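Colleague: If you read the protein sequences in the order shown, they are chains A and B.
Position in the first sequence (from 1) plus 28 gives the number in our numbering.
Position in the second sequence (from 1) plus 1 gives the number in our numbering.
By construction, these hints were calculated from the structure, which means they are not laboratory data.
Among the hints, a few may not be true.
Said to hold, decoys possible - Here are the simulated distance ranges between beta carbons:
#, chain 1, residue 1, chain 2, residue 2, range
1, A, 254, B, 95, 51 to 57 Å
2, A, 374, B, 95, 57 to 63 Å
3, B, 81, A, 283, 44 to 50 Å
4, A, 147, B, 81, 50 to 56 Å
5, A, 592, B, 28, 31 to 37 Å
6, B, 32, A, 386, 55 to 61 Å
7, B, 81, A, 592, 29 to 35 Å
8, A, 254, B, 28, 31 to 37 Å
9, A, 254, B, 32, 32 to 38 Å
10, A, 247, B, 100, 50 to 56 Å
11, A, 366, B, 81, 52 to 58 Å
12, A, 283, B, 120, 54 to 60 Å
13, B, 129, A, 366, 56 to 62 Å
14, B, 81, A, 374, 51 to 57 Å
To be verified - Here are the simulated lysine to aspartate or glutamate pairs, EDC-like style, with alpha carbons at most 20 Å apart:
#, chain 1, residue 1, chain 2, residue 2
15, B, 73, A, 202
16, B, 73, B, 97
17, A, 575, A, 531
18, B, 73, B, 137
19, A, 372, A, 469
20, B, 73, A, 149
21, B, 73, B, 89
22, A, 329, A, 304
23, B, 73, A, 150
The structure presented is a predicted model; accordingly, all values stated were derived computationally and were not measured.
Don't be surprised by glycine CBs; every beta carbon is placed ideally from N, CA and C.
Here is what each chain is made of, one letter per residue.
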Amino acid sequence: MNGRGPTDRELLDGIELGPRVAPALEHVGERREVRFAGIRFGGRWRRPSGTPAPLPRPLNMSGRLWLVAAVSMMFMWLSIFLWPALADWWTRRDHALLLWLTNIRSDAATAFARRAQFLFDDEARRALRLGCVLALVIFRRWRHLLAALGSFFAAGAILNFLLPGFGRPRPFVEIAGRWLGPAHPSAVVAGLTLTLVVAGYSLIPEGRWRRRWFVFSASTIAVLSLVQMYLGVDHPTDDMVGALFGAAVGVTVFRLFVPDASFPISYARGRKAHLDITGARGAAIERALRDQLGLEVLETKLVGLESSAGSTPIRLTVAGEGGDMHLFAKLYATSHLRADRWYKLARRILYGSLEDEVRFASVSRLVEYEDYMLRIMRDAGVPSAAPFGIVELTPEREYLIVTEFFDNARELGDSEITGAVIDNALHAIRRLWDGHLAHRDLKPANVMVLDEAVQLIDMAFGTARPTPWRQAVDLANMMLTLALHGEPERVYRRALLQFAPEDIAEAFAATKGVTVPSQVRHGLRERKRRDGLDLIEEFRRLAPERKPISIQRWNAQRVRLTVAALAAAAGLVWLAVQNFRGAGFL
Amino acid sequence: MRRLISLVAIVGLCVSACGGAQLAVGEPRCDSAAGWAVLLEFQAVPSADLVPCFHGLQEGWEVAGFEARDGKARLWFNSGLDGSRFLEILLEETCEVGDAEMVPPGRDPRLPLASDYPGTTRYIAIERFTPTKVGESGFYRGSWFFQFAGGCVTYVFNAAGSEVEGLPDQVAEWLGFVPRSVYAQQLQEDCPECSTGGAERLTHQPSP
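This is chain A alone, in the form it adopts within the complex (with noise of 0.2 Å):
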């Protein structure tokens, strides 16, 4: 033994690879094409470390000078707890300068700055605030008037505990102004900040007309409190931080939880709760398929927006072997993450665990999840969307999922329902009923037809081994679907061929408004008011007699939970109380 160990070529070569697996690795180096499916595979790229994802999210510009902002008011303000020494240093500045302003005070420019001072009255920041608000319900723009009425909320209650805390009189001059409770911070420009800061976030389009608005706010805060400082009401502290504070919790509360990437304002018509994928995201897409799928994309769309809300759906026109091809792609983000908290949360509230209601700990997690699912369906033979895999656009916020387009197909409600789709579609349940899985989401828009074969589609809700309860509902839901332009014993009839009647009464036991979709419930309505057919009614009478099955569940976490909710909407209460009794109203 001398020691050496073998090299990576020996090691190599003592390798035996298989007969189906060498040839495909030979020269993959250099291969810089693969064939599926017609679908013509370029070289794949790895992202090497260092190198910015696809579609980068920098703290930009305005983003550095919020962060200096914050800091430089946070240093303030404990300064001023930790340091009383330089408060009184603050307090000095702050004389010096107001004395050097009321020493050149006259009668003609008081006037006009008391004449100025009514932008700053409640009149008048309720009047803006009221007009933002009306404009929103205008626009329907539901998301962003909740923003802001929530930053107004917040900086209410924020202002009403700082007020008194910091406890500051007025400047020690002779005051000339109108002015109303403690100085620091001044409230009434950072309640004037806070209403432009939400006009321009929520109002007007992100880009140079946004700019222009912040850059004319700026300037009208800046000539603002100007004039309260010349009126000796605010010392040039109090303003300062008050339109800090004003613009920080507008711009917090905006870039938190409508964001332009996911909630762009427009005035085009169409929905608005789709992700924007033209500009920076419609390149970054476009580039990342080519470089982590080799996909040569040549259009991209958005389709199906009527019935998606948990995504945004994107038709891909791709390069093909035999021309131009289509793949389909579903784009998610933080906004669908947390939409999906959100739905899981009131689910475990309003019912308990039904089933696996757990949350998603990132839009990773949640991509990797429904590649999974698509993975797991198609190995048990569920007829739906081959997966082809994710595609990074920005790491932890945003991923595309890519799978097989079903061309011409159509949704099942606008299809024919023949025998033959009947069959397929029960078939269908059945391999998941065999698979151990559920979809859990089964309503016409995710039931494609193409020649009477049945494809399901949106797999995000799947779940591998569910409860019993959960595989009776989807057999029922399937069942209604079909039923909802046909006949309700004809689908019965066919059911028995792959079903046995308990499983079907099983499945009409547990069904319960909660456990239908909404696109389903929304038909189930038409039907019952168009002939008066009650169509869980029809296949309950059908299918032999079985005592109803209870879908609420109790335990200690769905107590704590409501518990939870009940004291948030308390506190949201208290809030608005408090607002009303501040406006004057109580």
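Place chain B on chain A using the hints.
Modeller: This is chain B only, laid out in the frame that chain A set:
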């Protein structure tokens, strides 16, 4: 129905959120070191030689609100026994006493103030005083006025409860005034250079 409820909720939230901020609750105490609430009272009515304050609170009382703004300061109290907002104290530069009866200087059983302030002229106007009876609430409604150089303080009573007979004594015991000299002294200690900067009205001595 759901749309109506949503509409009402949205309107309620909008009106609420678009209103002014809640009033910061302060406590103008009669301590020797003037707190920010007392300083604000002096700034609200710069001409006033005295501003209202409280030494402490009778059991069951709470300060429900304090507001100081240019030209006016208000302080109001709630009580478990005498009702919500049973007493409101108002500081202004002047006040209209109307038909109120002037009370001669010195201690008066109808207006038993614990300490007399030189220079104040006091008026009283009781609209309704009904002593408490078994099973019935008593009432004490009316106003006390204190006029002095540069200002006027009004106590507005609207008490209904089981303890209204003792209310004048309790008010006299717990409520009082801070003279401007205390404020001037505090200002001199906290911000010596401030007294040179156009704050003449804030630092002037009380009128004799």
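Colleague: Can the restraint linking residue 73 of chain B and residue 202 of chain A be considered satisfied, given a maximum Cα separation of 20 Å?
Modeller: holds (16 Å)
Colleague: Is 44 to 50 Å a correct range for the gap between the Cβ atoms of residue 81 of chain B and residue 283 of chain A?
Modeller: holds (46 Å)
Colleague: Is 29 to 35 Å respected by the C-beta to C-beta distance linking residue 81 of chain B and residue 592 of chain A?
Modeller: With a Cβ separation near 31 Å, residue 81 of chain B and residue 592 of chain A satisfy 29 to 35 Å, so the hint holds.
Colleague: Under the criterion that the straight-line Cα-Cα distance not exceed 20 Å, is the pair residue 73 of chain B, residue 89 of chain B satisfied?
Modeller: holds (13 Å)
Colleague: Starting from the range 52 to 58 Å, see whether the pair residue 366 of chain A and residue 81 of chain B falls in it by beta-carbon distance.
Modeller: violated (45 Å)
Colleague: When you check the alpha-carbon spacing of residue 575 of chain A and residue 531 of chain A, does it fall within 20 Å?
Modeller: Measuring from Cα to Cα gives roughly 13 Å; hence the hint holds.
Colleague: Does the Cβ pair residue 592 of chain A, residue 28 of chain B satisfy 31 to 37 Å?
Modeller: Hint holds: Cβ distance 33 Å, inside 31 to 37 Å.
Colleague: Is 51 to 57 Å right for how far apart the beta carbons of residue 254 of chain A and residue 95 of chain B are?
Modeller: violated (33 Å)
Colleague: Is the hinted range of 51 to 57 Å satisfied by the C-beta distance from residue 81 of chain B to residue 374 of chain A?
Modeller: violated (40 Å)
Colleague: Are the Cα positions of residue 73 of chain B and residue 150 of chain A separated by 20 Å at most?
Modeller: Holds, at about 17 Å.
Colleague: Look at the Cβ atoms of residue 129 of chain B and residue 366 of chain A and judge whether their distance stays inside 56 to 62 Å.
Modeller: holds (59 Å)
Colleague: Starting from the range 50 to 56 Å, see whether the pair residue 247 of chain A and residue 100 of chain B falls in it by beta-carbon distance.
Modeller: Roughly 54 Å apart at Cβ, these two residues keep to the hinted range, so it holds.
Consistency with the previously given hints fails for numbers 1, 4, 11, 14, 18, ordered from lowest to highest.
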